[in-house]
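So the sequences go chain by chain: Y and P. Start counting the first sequence at 1; every next residue gets the next number (the working numbering). Start counting the second sequence at 1001; every next residue gets the next number (the working numbering).
Fair warning: there could be bad hints in the mix.
To be verified - The calculated label-pair distances, taken between Cβ atoms and stated as ranges, are:
hint: 1; chain 1: Y; residue 1: Thr12; chain 2: P; residue 2: Gly1218; range: 29 to 37 Å
hint: 2; chain 1: P; residue 1: Leu1162; chain 2: Y; residue 2: Thr226; range: 52 to 60 Å
hint: 3; chain 1: P; residue 1: His1100; chain 2: Y; residue 2: Arg27; range: 27 to 35 Å
hint: 4; chain 1: P; residue 1: Val1221; chain 2: Y; residue 2: Ser187; range: 40 to 48 Å
Calculated directly from the structure, the hints in this document are not laboratory data. Here the structure is a predicted model, which means the values were calculated and not measured. From the three backbone atoms N, C-alpha and C, an ideal C-beta is built for every residue, glycine too.
Protein chains: 2
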Amino acid sequence: MSAPVAPASQETSAYERTERTTLTRHRERAHYDRELVHSILDAGYVCHLGFVRDGAPVVLPTLYGRIGERLYVHGSTGSRPLRAAGQTDVGLPVCVTVTHVDGLVLARSAFSHSLNYRSVVVHGTARPVTDEEEVKAALDALVDQVMPGRAADSRPASPKELAATAVLGIDLTEVSAKVRDAGPMDSEADLALPFWSGVVPLTTGYGAPVPADDLAPGIPVPGYLTAL
Amino acid sequence: MSAPVAPASQETSAYERTERTTLTRHRERAHYDRELVHSILDAGYVCHLGFVRDGAPVVLPTLYGRIGERLYVHGSTGSRPLRAAGQTDVGLPVCVTVTHVDGLVLARSAFSHSLNYRSVVVHGTARPVTDEEEVKAALDALVDQVMPGRAADSRPASPKELAATAVLGIDLTEVSAKVRDAGPMDSEADLALPFWSGVVPLTTGYGAPVPADDLAPGIPVPGYLTAL
């Protein structure tokens, strides 16, 4: 399954390619460069976490954070995947996927329609993080992934909250990115068809912050929000 | 696993709840209403498709379309999940998850940070669609899910393209939605903390359409794009 096809180490600039991170289609879109993978991961904060439960696949959206070559997800100590990861010595096999859609690619032919996107797929094993300092750093990373600067501008978890929270770590070893960033690719024969063709860029932005109903008076909107 | 806990049928307004569509956490966020589920599915076009390969989970982003109580995904006849779904009589067990993030929920406590979101999780079986009329309708649905009106304003698939494309159908039977749409939920003791608290709404929009480099002169931007 996962036999390496190229030698690599943690220190190289690329993840080693394995059979399951080798694309069968559109191989030109595959990338293994660490910096590119990190940039795609750092541009998001919601991943789709896949695991196997009773032989069937389960995919759940959840927050993540990255510190170096490790991803973190978290949840209640009572939640299913977090219980499952802690119940075995070998951890929980997972697939973590992060996707950003950048544009709609409208070709003349329905067949050639596509999206411009950046995605990362991580195959790995989720293991409970037990070191308290690492748990705290992971939780800070999760908050700062959503809003950089926020972890330092909120109350850190109490011992009781820490006890109720499970953090799982997933090492970034078997990883690939897939990127499409181009215009429509119609065949020569379709170029004369009378259909408009091009890319519709997608934009994501932030609306004006909405204060909590019970926000105490006199607390200003913090700089990391006004700067958005 | 999936024993129904409440009677329901295709004609009722709600999906029947099963053990695996019953949330273990935040049960107040769970919904089984068909109209709500359809509205969340129809608001997107990229799903995260999970399946099991050699015992390990795989999660891939892919386009989808919905017609009634069936979802469709497509791909090359040579791609892994599409081959896997066609190789068995029982189809391929899948989990299809669609997620929209609507806002960042910044609480006073790091622990109470959250997102406002709408998600749908479909547990089911992907089966190859073999009826040609259904294949064509599914491909139209996939294109129109990305851009309503586009299927009729592009060249339909040729027989050769149809032969190279596999379409999988997944019946909507075991389905749940999860929705959070509220402000921060800090505990009473945290309300006096000096941290700003509230929701940062997220917005998604469309940039100006970028014509293909080889677009023939005189083809106007279609109305479904100028109306965005």
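Okay, the hints, checked on the actual structure:
no.: 1; hint: Y:Thr12 - P:Gly1218: 29 to 37 Å; result: 52 Å, violated
no.: 2; hint: P:Leu1162 - Y:Thr226: 52 to 60 Å; result: 53 Å, holds
no.: 3; hint: P:His1100 - Y:Arg27: 27 to 35 Å; result: 31 Å, holds
no.: 4; hint: P:Val1221 - Y:Ser187: 40 to 48 Å; result: 23 Å, violated
When each numbered hint is compared with the structure, violations occur for hints 1, 4.
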